[in-house]
Structures are given as structure tokens and as C-alpha cells.
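Participant: This is what each chain is made of:
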Amino acid sequence: MIGQAIADGILTGAIIALGAIGISLSLQILRFANFGHGDILTLGAYSALTFTAIATAGVPIGPVSFGWQFLVAMLIAALVAGSAAILIDAIVYNRLRSRNAHRLTMIFASFGVALVLRNLVLLIWGPDVHYYSRELQIAVEILPNVRVMPDQIVVLGLTFAVVIFFYLVLRLTRIGMAMRAMAESPTLAGICGVEIRKMIRIAWFIAGSLAAMAGVFLGLTVQLRPEMGFNLLLAVFAAAILGGSGSLFGAVIGGLLVGLAENLSVLVVPAGYKTAMPFLLLMLVLYIRPHGLFGTPEKH
Amino acid sequence: MSEPILSARDIVAGYVHGLPIVHGVSVDVAPGEIVTIVGPNGAGKSTLLKAIAGLVVFESGTVTFGGRDVSGRPAHEMVKSGIGFVPQTGNIFTNLSIQENLIVGAHTVSRADLRLRLQRAYEHFPVLAERRASAGRVLSGGQRQMLAVARALMTDPKAIMLDEPTAGLSPKVVADVFADLRRLTELNVAVLMVEQNAKAAIRISNRAYVLTEGRNYIAGTPEALLNDPAIGEAFLGGRRTAQASGAG
Amino acid sequence: MIGIVSYLVFFLTVVLIFGIACLGLNLQWGFTGVFNAGVVAFYAIGAYTHAIITAPPHPLLIANLGLPWPVGVLGAMAAAALAALIVGIATVRLRGDYLAIATFGIAVTVQLITLNWQSLTGGSLGFTSIPRPFAGYFDGQLSYNIFFLGLVAAATVLVYWGLERVVRSPWGRVLRAIREDEVAAVALGKDARLFRLQAFVLGSVIIGLAGALHASFIGFVSPFDFLPILTFQIWTMLIVGGSGNNRGALLGALIVWGLWSGSGVLVSKVLPPEFQTQGAAAQSILIGLLLVVMLVFKPRGLIGEEPVVSRHVG
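Chains as they are written, first to last, in the working numbering: chain A, 1 to 300; chain B, 301 to 548; chain C, 549 to 862.
Please note that the accuracy of each hint is not assured.
[What the hints assert, rightly or not] Reference excerpt, derived from the structure (chain A facing chain B, CB under 10 Å, subset only):
1. Gly3
2. Gln4
3. Leu188
4. Gly193
5. Ile196
6. Leu267
7. Ala271
8. Lys274
Derived from the structure by calculation, the hints contain no laboratory data.
Even for Gly, the Cβ is constructed at its ideal location relative to N, Cα and C.
Generate coordinates for the entire structure from the input sequences, incorporating the hints supplied.
Facilitator: Structural data, given as C-alpha cells:
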């Protein structure tokens, strides 16, 4: 039982972590809690659905349920969601920013954006549950009494590949360094010649495309529903804050903790309360360490 | 004084639109010249530099640089036009390594030039070379200042502005920083700085401005200012109060 | 004609109930700058508490008490206060956006409780037969509804009058001072936190009152009456009307609920049954757009805050 819950927790946690990195970027670079992030995730998942509807998910490779076409769909989804995020910024958030709006005003706006996005998905793709592929999969017993789907293993691997890639971008490229610089001090970054507007667009694109991948992975291992992202939002926020907003690996560890908490809670409390676990964990941590597990106090 | 490369005319600027702190100040700096701005706390010295650097609300006035009008441009454009700025506080990225600080400082520099600039920075400041992988937060005050100057020089600016480069440094380190600045002028860089350490700063300067209440009060050569008893009494009065002076 | 009158009475009653909730939110956000992203949680707590206290005993439910209406209303307000106190103590010291996330989490948790704690809440079905106050004195539906409208109007006037006094009191001025200057608020330290907590609790009590009125007006409660969209709607009402202004809060309730039910009528009349879901989605998009458009183009709302110039709202 516990072994299975841990395995499920790690898998859910990895998907949450992908979402949490984007939230972390919003908190650090865009400087507000973006409540629209979950629905960007949904948009990404459904964009991939449209592509697989046209091109199919491909001929299954080995035991997994999809072929290479699905990976293309994932990249397209990332592109669509990333571009949508940039577009929304240009239409909404940039106007607020140029007026020096309070960051809570930005949060409001993100509420509105979330509502619009979620219902656009509902309008375009309908309220029904969707799947990328109807291929049947046989669970593999990786440890005694721990079974996982081959898709889940692939998703886990891809997630970590994406995280490591993003880490290397942040560490080794000049854009990555400029982003980290901007997270610390937009003023000084500007003095160094870093164009804030451009960095903000890049941050949106990265947050959006990582969210899309999380959405695709969630859709692949669970299902697609118009509320999928919104329902994940709390877990994603919890992960980002637990990890101490701003640190990439913090977000990953936060995601894993949240995923584990959700899945292990089922052993103790009724399954219906599972989605409240991230929140309870978050409250507990904020009570003890207001800056998250790995974060440092913010300078005012 | 030769033809100024950086010339600010009648600058009106402040932190909030409609509430200027600087009320029509003018300063000039020529290539290879060190110009110091001194004055009491709240005189608008820092605000003036920030206004030129594109960091505060620019109400009116003109800034020309190398003959081009660059008034009220955002900070990242000022860097591209060749003006470097070292703010007083928060002038390095504490979460980035020294090398990363320098690379971000050279954000507008091409990849090919970056390598040479890094090499040059490490030659100028060997201490930084030794600690290139350390995070900015572990540096001492003097090293931070050094890094901040080195960072600003990465773009090969024709003019560099420094906001109290010696604040909080020990006398020995102050002398080092001033020596570094003198060395810059040999490369024909124009240096404009705000200093609380007024007498020492004026001594190494070619010219100095005294500001009060957001306006030009007097300007002159070091000798003229240092020997004017009225000015010495009012603005350069040997002893500084111990307080940190961020408000200027 | 009767149809129109009875619809209008129904409509105005709902507007006033939401108006009360909006007034509660206005105390939290408009006057104090405390971000409550879980309005629906306190509304639902009020509604469910009232339902549990007043509904007649039921074999499958543990707590239905069948107590009189005023007890239900007071109990609802007390429950909302208690919930706000628990949440507030843990979160009110947090930065604005963390508070938003925490209150959002409360809303999710409350929704899960209403869905899952079957023996208390009736689970996904909720429960019916919540008595309507003084219903015995009226023989017609319409005359009763007119009476209930009067009751809600009286409650609205009372809340409005009380809040107007509160925000003009020295206590209210402190709230605004805290809102205007987060730095000063931090410098005030514990005191500022206490003020924020008080405003948060009092606002939640008012939202809980609105929930209780909702439950006794509709006569039943279920988790699907208290969806997250309710939070958005009440926020939009406040932003449209103008936060920091109690008249604005009420005007916003009228306009937004008017748009919402107007578009709802349109959807149900114009669209064929198979497109009703899409119609509802379009309604939500309308609310979302309204919120964003107001924030971008008219951040002070239709009425906006009175004299004091505010950096905060922009």
C-alpha cells in the first residue's frame, strides 16, 4: 500500500513540480501570484489533444500508449501555451504594469483571465472527459506490490529531463543568468542593459510552456477535463511556496512533497479530502517557516 | 575643460510624478575627467544620477551624451548608448557568482567580446579572478564595490556614474577605489560621482558641483572649493555624521 | 405582470444578499487591503451552519437541530467568525499574495467538506427543507417573497449603516492607513496584524450572514450552490462598483447580477438545450472579461472611493 502510494505520489509530484516552476517564475520575475496558471496548463493539454485528433497519438512504441507524434503534440502544446501567455501579458498584465498597478491588482486580473481561459476551453472542446489515446496499457510491477503504467515512467523521465534542461538554461546561458539577475533586482538588471519587457516575455513563455507540458502529462496519465488545471492550482501554489518561491530545485522538491502528501493522505483520511492536503501542508509550513522550506526572507 | 561627453541641462526629476526632488540641475563631464557632486543629505545628488540613468521619473530637462539626446530613456537603453551606472546600494547580484555578475553586466556585449572583457576585468581586479565562482553575497564591502565597478566597465562605457562608491568602506579601501577611478580616466572614461566623503573625493576630481535642495549651488575646481571657507564650513565640514545616507 | 413582479422581487432579493456579501468583502479588501480569495468559503459556512441549525432533524444527518431562524443566523455568523479567526491567525501576517493563496485553499477545503462529510452536510445532494422564517404568516408565495425582500433589505440597511459608521470611526481610519502603506503596516507590527485580523473576521461574519440569508431564502443547500465562480462574481461586483465605497459595492452587485441573470435568461431562451453548457461558459467568460476590462480601463470602478486619494486601488 505505502509503496504504491509513494510511487503515485512521485509521479503526481513530478507533474505538480513542472507547474510549480512556472508559478515560481511568476512570483520571482513577474512578481505576482498568477491564478491563471492552472488554466494555461489546461489550454496546453487541450492544444495537444487537437493535434493528436488530427495526427493521432502515433503508433505506440513498445509498451507505452503513444508514438513520436505525441511528442510533437507536446511541443506544439508548449508553443501554443507559451505564446498564449505572452499574448495575455500584452493585452492585460503589461497595461497594468505600465500603470504601476499593485501586485494584488495583478492577481485580480489573473482571476479574470483564469475564468475566461477555463470557459474558452469548455466552449471549444466541450465539458466531456477526453483521452489522448484509447490504447490499453498493462501496468508493470516495478517493485513488489508497486505497479506503474509504462506511460507514467516515460512521463517521469521526461519531466526530469525538462527540469534539468531548464536548470542548465538558467545556469549556463546568458539569458538564464539575466533572468536570475532580474529575479533578484529588476533595477540593477536594467542598469546592466537587460531589457525588462523582453525578460518578462521570456518568463511568460517558459512558465506557459512548462505548464502545457504538465497539462499534457496530466492528460496522458489521468484524463483531460476543462477544470484539470484549476483543480491542480492549489497543489502547484503549495509546491512553489513550500520550495521557497524562486528556487528551481525547491519547486521540484515542493512538488514531490505535495504529491506524496496527497497520495499518502489516502491511507489516513477519506480519499475525498485528497486535494485539500497540499493546502494543509502549506498552512503547516507557512506557520513554521513563512518563507518556505528552502526560501530566504524577502527584502522589502 | 574639453568638450563634455555627458551633459545634463536643467534636470527636473523625482520618485513620484509631480513631486520632483531635483529642480533644474545642470552638470557636465568631459572624457578623462572626474567630476564629483557633493552636498548635504536630501540635496538630490543620488536622484540626479538616477534621473540621468533612467531610473526615476524624468520630468523635464535634457541629457545629451556624445552629442545625442538621451533624455529620459529607460535604463537598459542608457547602457547601450555607453553610460555605466553603479548605484549606492544593491549594486551587485548577491545570488549570482562573481563571474555571472560580470556576464550579466556585459549583457549588451557580443559573445566574442565577452571573453576578452572578462579577461580584462580579471586583470584589473585580480581579487575577483581568485573568487570568480563565489556568490556575490560572500564578498566584503570593498570587494563588492570593486565588483560593482568592474561590472559597470564590462560594456566599455564612455562615461561611468557612481553613487557614493566609498560609502561604508575603510580609509584604506577608499584610497583603492579612488585610485581605480583615476586609472579609468587614463582610458579617457568620463567619471561622474556623488560622494559623502567630500574632501577626499574633491581632491581626486577635476571639478566638483555643490548641490543644495535640488539645485546647483556652486561649481568649481578642487582648489577653489576646498579653499573657500564658507563652503568648507557648510558642506565639507571634515567630520561626517555616522548615519547611512541613502536619502540624497 | 405578476410574473414580472415576482421575478423582480426574486432578483432584488438575490442582489441584496450578494450585496451584503460584497459589503463584507469591501471591508476586507476595499478598506483594509486584505485579499480574500475564498469568499465562497465563508458564504458556504454561513449557509450550511444556518441550514444545520434550523433544518428539522433528519435520520441520516447527525446535526440538524430545528432551532429558530434567528439562532440560525447568529450561529452562521459565529461559525464564519470562527473560521475566519482560525484562517486569519495563520495567514494575516502573510504577504498579500500568500494570503490570496491561503484563502483560496480555504475555499477548496470547505468545498471538499461540504461534498464529503455526508453525515453533516448531506454530501453532494446537500439537504432541503430549510425552514423559511415567519412563513406561517403568509399564504401566498409572492407576498412571502415580498416580505423576505423587506427582511433582506432591512439587513442590508443595517449592515450598510453599521459599516459606514465603522469605516468613519478611528478604527476605520487605521484600517485605511494600514492599507495605504504596507511598509508602515509592517512597522506597526503586531498592531497592524490585529487590525487586519479584526477586519478580516468582521468582513467574513458579514459574508456568513449573506450565506445564511441565501440558505433560508432558497430553502436548500448543496455544494453546487457554492462553486468557486461565486468568489469571482462577488469580486467582480466589488471591482465594478468601486472598492472602498459601500454604495459602490451595492451598485456592483446590482449591475453584475443583472448582467449574469440577464445573460442567463438569454442563454436559456436563445440556445437549444444541447448548447446550454456552452451558454453557461459564455456567461462566465463575460464575468471574467468584465473583471479584466474594469481593472485595465477603470480600476476605481463606477463610483470609486471617496475623497482620499489612493495609490492602492490603481
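Participant: Quick one: which hint numbers does this structure break? Sort them smallest to largest.
Facilitator: 1, 2, 6, 7 and 8
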